[in-house]
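Chains as they are written, first to last, in the numbering used here: chain A, 1 to 114; chain B, 115 to 225.
Everything labelled a hint here was simulated from the structure, so no lab data went into it. Bear in mind that the values here come from a model prediction, so they are computed numbers and not experimental data. Yeah, the Cβ is synthetic: ideal placement off N, Cα and C, and Gly gets one too. Any given hint could turn out to be false.
[Said to hold, decoys possible] Here are the in silico distance ranges between beta carbons for each label pair:
no.	chain 1	residue 1	chain 2	residue 2	range
1	A	Thr20	B	Lys212	22 to 30 Å
2	A	Ser5	B	Asp153	12 to 20 Å
3	A	Asp63	B	Leu224	25 to 33 Å
4	B	Pro122	A	Ile101	40 to 48 Å
5	B	Asp210	A	Ser5	20 to 28 Å
6	B	Gln195	A	His10	28 to 36 Å
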Amino acid sequence: DTGVSQNPRHKITKRGQNVTFRCDPISEHNRLYWYRQTLGQGPEFLTYFQNEAQLEKSRLLSDRFSAERPKGSFSTLEIQRTEQGDSAMYLCASSPGTVRIPLHFGNGTRLTVT
Amino acid sequence: KQEVTQIPAALSVPEGENLVLNCSFTDSAIYNLQWFRQDPGKGLTSLLLIQSSQREQTSGRLNASLDKSSGRSTLYIAASQPGDSATYLCAVRERDDKIIFGKGTRLHILP
């Protein structure tokens, strides 16, 4: 088990372009979380999944953002028509169904919108 | 709405000192509280997980306590080292399994 994997590590894009990030959770972790983190701030909750079901979306997640986890394994986060304010680190985390196991994070995808 | 606050926002201490980081939360209906470490530009590394029924957890030089009724947790670091320099984040896991973070404490250990 290699932990939570996120790709790409870095993404530079021009304003108005669409970007997609991928997260591969630890196998058999049925919970998957997406967070956004800007400089000097803690991670802000975006959305989370139990298997393929999206349980909640934060108000931070505008209609330009969409997340999927089609087969309950990997997840993608897409941002359409990117804006400079979308520049941030996007973090993915996973956990099994039991709350007794810690949440495990990937190394994140750093997005820079120019 | 759950709010998690960490005090202080930043802390600099000489190497070898013991120190305490504080975390408070507004809604005590939580499953657990987790402390993380984050190095610049990196993801989060789990340090300690305290279940709501527990009072404290220890790992090496780290000790985390939880007082759920008062909405407080502390992370105690003994005999600090320069390698402990990082941002420390606490997060609570709510009953609906959402996990809410504080803004972190940036710790700098002076050699």
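A quick look at each hint next to the structure:
1. At about 24 Å, the CB distance of Thr20/A to Lys212/B agrees with the hint of 22 to 30 Å.
2. Separation of Ser5/A from Asp153/B is about 18 Å and conforms to the stated range, judged on CB atoms against 12 to 20 Å.
3. Look at Asp63/A against Leu224/B: about 47 Å separates their beta carbons, and that is not inside 25 to 33 Å.
4. For the pair Pro122/B and Ile101/A, the supplied restraint of 40 to 48 Å is violated, since their beta-carbon distance comes to about 30 Å.
5. One distance hint, 20 to 28 Å for the beta-carbon pair Asp210/B and Ser5/A, holds here, with the actual separation near 26 Å.
6. Gln195/B and His10/A have their C-beta atoms about 30 Å apart, which keeps the hinted 28 to 36 Å range intact.
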